[in-house]
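Asker: These protein sequences, in sequence, are chains P and H. Just so we're aligned, residue 1408 is where the first sequence starts under the numbering used here, counting upward by one. Just so we're aligned, residue 1408 is where the second sequence starts under the numbering used here, counting upward by one.
Check the hints yourself; a few may be wrong.
Which copy is meant is left open, so a pair is good if it fits within one copy or across any two.
[Claimed, not checked] The calculated lysine-lysine pairs, modelled on DSS-like cross-linking and capped at a C-alpha distance of 27 angstroms, are: (1) Lys1472 to Lys1486; (2) Lys1472 to Lys1509; (3) Lys1472 to Lys1562; (4) Lys1562 to Lys1486; (5) Lys1540 to Lys1562; (6) Lys1486 to Lys1549; (7) Lys1453 to Lys1471; (8) Lys1536 to Lys1409; (9) Lys1471 to Lys1507.
Since the hints were derived computationally from the structure, they do not count as laboratory data.
Number of protein chains: 2
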Amino acid sequence: MKAPIDFYFDFSSPYGYLAAEKIEPFAARHGRGVAWRPMLLGAAFKLTGGKPLTEWPLKSDYAKKDMVRSARFYDVPFKLPAPFPVGTVSACRAFYGTPKDKQVALAKALYRAYFVDGVNIGETENVLKLAGKVDLNDQAIKDRTKAEVEAAIGKGVFGSPYFIIDGEPFWGIDRFEQMERWLGRPF
Amino acid sequence: MKAPIDFYFDFSSPYGYLAAEKIEPFAARHGRGVAWRPMLLGAAFKLTGGKPLTEWPLKSDYAKKDMVRSARFYDVPFKLPAPFPVGTVSACRAFYGTPKDKQVALAKALYRAYFVDGVNIGETENVLKLAGKVDLNDQAIKDRTKAEVEAAIGKGVFGSPYFIIDGEPFWGIDRFEQMERWLGRPF
């Protein structure tokens, strides 16, 4: 069995959401699984000096248009939520505090709540409505989340979505084309 | 005849170079011409707070890898030059000071000099070796260049390559996929 595709994302990332809707059938076509690895883009931005797409003059107008068009391109339901972006510490902790066999379903539910139904998943109570019984103040869960975010940054993850295939990094849903070819034969 | 594809780029942009090698057959397949519009990314960065890809912590390592891999993906010869990036005011003025029927050949020659042969096109004398007789201190040429750069920014151009098709903006060589579909039928 080949190694799974590492899929890094932030729960407030529109392109991360689009990727979440597409990555599983994509990986399966190539005989791969997917390791879902939510992280906190804010922690990476502290290192890189980056900031959310909608906070750049000029770029923000384009970004909003491109998010909506990209959703149509990939045939995924999408509505840019307000507020945007939101903090995703609670969502991230809920993921890592959830049993492994329920994490992927939770990730998709969180993303759809935010980008389809406009639920503010920056608010802990909204996260808990989807995650059910998980103690977000549990120290072990907080430590686990912190360790996962640090590990992601240690791997060089600075954006969302970010994929690593057998050690090769690909940033952005617009690298699916290159990933497709790479999975057939590295070039 | 349908309107040409507006193709904005900076002469120091690796992805702009890759696009320059690909845009003409791409446009021709869709019965379109190409309006080549070099601009100065530095002027846009002043507005957006952006900076060259290689100057972001974390992102820079990825960017260097991605440039080289993308060149292989698009089957275009490429070698990341040093120094990188370079100022492109002289290159941009040379383009706008050259007769229209020779501009595209000059643009390709400047790009290949920099990204294939490692010639520093930030230096005026190297630009003039390729551009031949053009007075880069001519006030009309300087004014024309300034006006073109301002017009680009006025259209919202903040990155390179940046395309506008019938009013619809596309940023990045990784938007060729969406442009391809858009040219068939806007979605």
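Asker: Quick one: Lys1471 to Lys1507, C-alpha cut-off 27 angstroms, is that within a copy, between copies, both, or neither?
Answerer: neither (34 angstroms within a copy, 35 angstroms between copies)
Asker: Could you place Lys1562 and Lys1486 in one of the four classes (within, between, both, neither) given a Cα distance threshold of 27 angstroms?
Answerer: between (31 angstroms within a copy, 25 angstroms between copies)
Asker: With identical chains, the pair Lys1540 and Lys1562 could be close in the same copy or across copies; at 27 angstroms between alpha carbons, which is it: within, between, both, or neither?
Answerer: So Lys1540 and Lys1562 fail the 27 angstroms test inside a copy (31 angstroms) and across (50 angstroms) alike.
Asker: With 27 angstroms as the alpha-carbon cut-off, assign the pair Lys1486 and Lys1549 to within, between, both or neither.
Answerer: neither (30 angstroms within a copy, 44 angstroms between copies)
Asker: Tell me, please, which holds for Lys1536 and Lys1409 at an alpha-carbon limit of 27 angstroms: within, between, both or neither?
Answerer: Answer is neither: 36 angstroms inside a copy and 52 angstroms across each miss the 27 angstroms cutoff.
Asker: Between copies, within a copy, both or neither: which fits Lys1472 and Lys1486 at Cα up to 27 angstroms?
Answerer: Cα proximity of Lys1472 and Lys1486: one copy only (11 angstroms, versus 33 angstroms across).
Asker: Up to 27 angstroms between alpha-carbons, please classify Lys1472 paired with Lys1509: within, between, both or neither.
Answerer: neither (33 angstroms within a copy, 35 angstroms between copies)
Asker: Between the shortest in-copy and the shortest cross-copy C-alpha distance, which are at most 27 angstroms for Lys1472 and Lys1562: within, between, both, or neither?
Answerer: Classified as between; 14 angstroms across copies, 31 angstroms inside a copy.
Asker: Can you tell me if Lys1453 and Lys1471 fall within 27 angstroms by alpha carbon in one copy, between copies, both or neither?
Answerer: Both: 23 angstroms inside a copy, 21 angstroms across copies.
Going down the numbered hints, you'll see the structure goes against 2, 5, 6, 8 and 9, while the others check out.
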